[in-house]
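S.K.: Sequence:
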Amino acid sequence: MTIPASPAAAVETLKVPDTGLVFYQAYTQIIVGRQATPDDICRPVPAEAIWAIGWNGFGSVSGYQTSDCTGAASELNNFHSWPYEGYYLSYRAG
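Its first residue numbered 1, the sequence shown is counted upward by one per residue in the numbering used here.
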């Protein structure tokens, strides 16, 4: 049985302006995650993310160094970067 090859996934990169909360890789400006609207649900930060921009509609984005949005929170509002991949493990956007 032969399985056909899948086409390469399209790479989405930084565009200005964008919408929603967008997570990016370090220096490549490749988008690794996005959330369209705030919902106050605890979500994992994409593993490859090292910066994020809340383009519109996000009043508060709290980043956590735990996987379940517990412990001390850091505000990731508007534009925020962090020192390395995996620094923040979860976030809550309200």
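Treat the hints loosely; a few may be bogus.
Restraint-style ranges between C-beta atoms, simulated for each label pair [unchecked claim]: (1) T70 with V16: 28 to 38 Å; (2) T66 with V16: 30 to 40 Å; (3) S74 with A26: 26 to 36 Å; (4) T19 with S81: 30 to 40 Å.
These are calculated hints, taken from the structure and not from any lab test.
Every residue gets a Cβ at the ideal spot worked out from N, C-alpha and C, and that includes glycine.
S.K.: Next, verify each hint and record whether it holds.
M.R.: Now for the hints, and whether the structure bears them out:
no. : hint                     : in the structure
1   : T70 with V16: 28 to 38 Å : holds (34 Å)
2   : T66 with V16: 30 to 40 Å : holds (32 Å)
3   : S74 with A26: 26 to 36 Å : violated (18 Å)
4   : T19 with S81: 30 to 40 Å : violated (20 Å)
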